[in-house]
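Q: Listed below are the residues making up each chain.
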Amino acid sequence: MMDQTGDFVALFDTRDDAREAIRRLAAGDVPRHAIEVLSAEPLMLEETGEVSTTKSRIPLYAILGSLLGAATAITLTTFTSQSVGLVTGGMPIIAPWPFGIIVFELTALGAMLGTLCRMIYEARLGRAVPPGDYGRHVADGRIVVVVRDDYRDRAASLIDENAA
Amino acid sequence: MDAKINSDLLTPLARTGRWWYVTVGASAAVLAAAIGAFVYQVTHGIGVWGLNRPVYWAFDITNFVFWIGISHAGTLISAILRVTGAEWRRPVTRCAEAITVFALMIGGLWPIIHLGRPWLFYWLAPYPNERGLWPNFRSPLLWDFFAINTYLLGSLIYLYLPLIPDLALMRDRAAGFRRRIYRALALGWRGTHLQWDRLERAVRVMAVIIIPVAVSVHTIVSWDFAMAIRPMWHSTMFGPYFVAGAIFSGIAALIIAMAVIRRVFRLEQYLRAVHFNNLGLLLLTMSLIWFYFTFAEYLTTWYGNEPAEMAVFRSKVSGQYAVMFWAMIVCCFIIPAPLLAIKRLRTIAGTVIASALVIIGMWLERLLIIVPTLAHPRLTFNWGDYSPTWVEIMLTAGAVAYFVLLYAIFTKLFPIIAIWEYKEGVRHRAGEGRTTGATDPALVRGD
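Chains S and H, in that order, are what the protein sequence lines are. For the first sequence, position 67 matches number 67 in this note's numbering, and the numbering has no gaps at all. For the second sequence, position 432 matches number 596 in this note's numbering, and the numbering has no gaps at all.
Misleading hints may appear alongside valid ones.
Here chain S is said to cover these stretches of chain H; the calculated rule only asks that three of the stretch's residues, wherever they fall, bring their Cβ under 8 angstroms from a Cβ of chain S [said to hold, decoys possible]:
no.	stretch
1	357-368
2	375-389
3	428-441
No farther apart than 25 angstroms at their CA atoms in a straight line, the calculated lysine to any residue pairs in the SDA-like style are these [what the hints assert, rightly or not]:
no.	chain 1	residue 1	chain 2	residue 2
4	S	Lys-55	H	Arg-365
5	S	Lys-55	H	Ile-493
6	S	Lys-55	H	Ile-506
Note that these hints are calculated values from the structure, not bench results. From a predicted model like this one, the values you see are computed outputs, not experimental measurements. For each residue, glycine too, the CB sits at the ideal point set by N, CA and C.
Please construct the entire structure, taking both the sequences and the accompanying hints into account.
A: This is the structure:
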């Protein structure tokens, strides 16, 4: 069936039925990037290659965040210690071991914030106009397969509406 | 099945039982009394506490260490179970993660309360100022500032990420103001395969990062003591000893919280005997590890026979703190170990009793680490004693009440069991080839 946006939408009770429909769509030359699956729990369809997503860069951003955190920590501790007007009697004012602890904590913090921000961006969350609510049927355990407008007719012919 | 799980786990949010109001009312009353005690302390000065030379840390820092320890219930245990793929974790994780956040919030308050002038707490933060007051990065207390805040923020993220799909579920069922709140918090979640993929990846990455952070937090808390050349503090094993104790008390707190939630919200089908059994086994393991560390620590002190160390040792084992010391041994090992080791006794009631004893024992352990050492400095002319005042006792009770209150409110706003994780677990158990019900070609795209 079509929804208001013109996409083809089919609702399934079980993941096996949804999977079968996706296989049929793939066999019928509907590109994987044109298929979107909505569910109330992870189906892991990407792992089996049944649907595709763009490559995730979450681990990369975790690493970038950690580097940024470490740089912040090094700057903060070093700058602060060198700015303090204490007379140290020739003793070094940079203390690598204690600074290492601050660097460790801020490195982890940077990695966590990097992960969160990238996840929100890649999952297309937090957009100014939310893409619409999760249907109540999905919340009750059904699976929605959406095929984009361009492939609507082909999808409709491939998925028998009685089975879908 | 999904509708039933949704209904069972969302019902506590919609219906409020009498016991919830009793719990909230009682904890709010105790918290109000504690706030009164705090106001009295602020207006009269820190002298209203029982602190005096040479004991400058007592209930306040005991509570700080205790609550930071309790916080290890959640994020650390949840992350370890997630990383190791323990399937039974699913109904347990959110109960645990919420404990972490609230326990950290309360634990972090104690050093601020202890300042005496809590409104100056921001002096701990490194920032340039005209007085030339720069934080000393070599102070373990400043390490605490960074470690606790990192862990708190990380735990909040770790609690929030798996909550997003459930927030979307609640958004679609709520109305009015609640709907607006859930809608904002759900960030437009629809449950697309892309979103699930990214969520799972992010949670996995977070689980890996949060484990070393959790370990570092209690290690750094232990260094508040171990970095001082004080009898029975200056020990290389204090880090792992504190981490083991934290996980020990954390699991105990989790078991108690789960038992209460199970009873109050009638979630017997979800928080089952197997969860208490498995957590009971973990608690037993930690009890044995804790006893091993304690024995190793005390044996080394006794064998070394160093006079200053032995003064503290004797005060604990046979002196003025002996009652508390042996109560600690009984509560943390003598009773819980057999209770948890014998399968017939490792029931829900058995694990809850063991956990309650462990909580008491671990609070005593924290007090016994701090007070006897401070009361017996190396120079004997300076020995002293400590007894708490009503203000400290009231503040301690208030912290417990505050935790109960926060947890009770959380259970009314968010599902205390992760709904999607639970459903995923049910399907894993059932196998993927399951087919139920008839197909329904309804149009459900909810734009």
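Q: The structure should be examined with respect to each hint, and the outcome stated for every one.
A: Status of each hint after checking the structure:
| no. | hint | in the structure |
| --- | --- | --- |
| 1 | 357-368 | holds (count 10) |
| 2 | 375-389 | holds (count 4) |
| 3 | 428-441 | violated (count 0) |
| 4 | S:Lys-55 with H:Arg-365 | holds (11 angstroms) |
| 5 | S:Lys-55 with H:Ile-493 | violated (54 angstroms) |
| 6 | S:Lys-55 with H:Ile-506 | violated (50 angstroms) |
In this structure, the earlier hints numbered 3, 5, 6 are contradicted, and the remaining ones agree with it.
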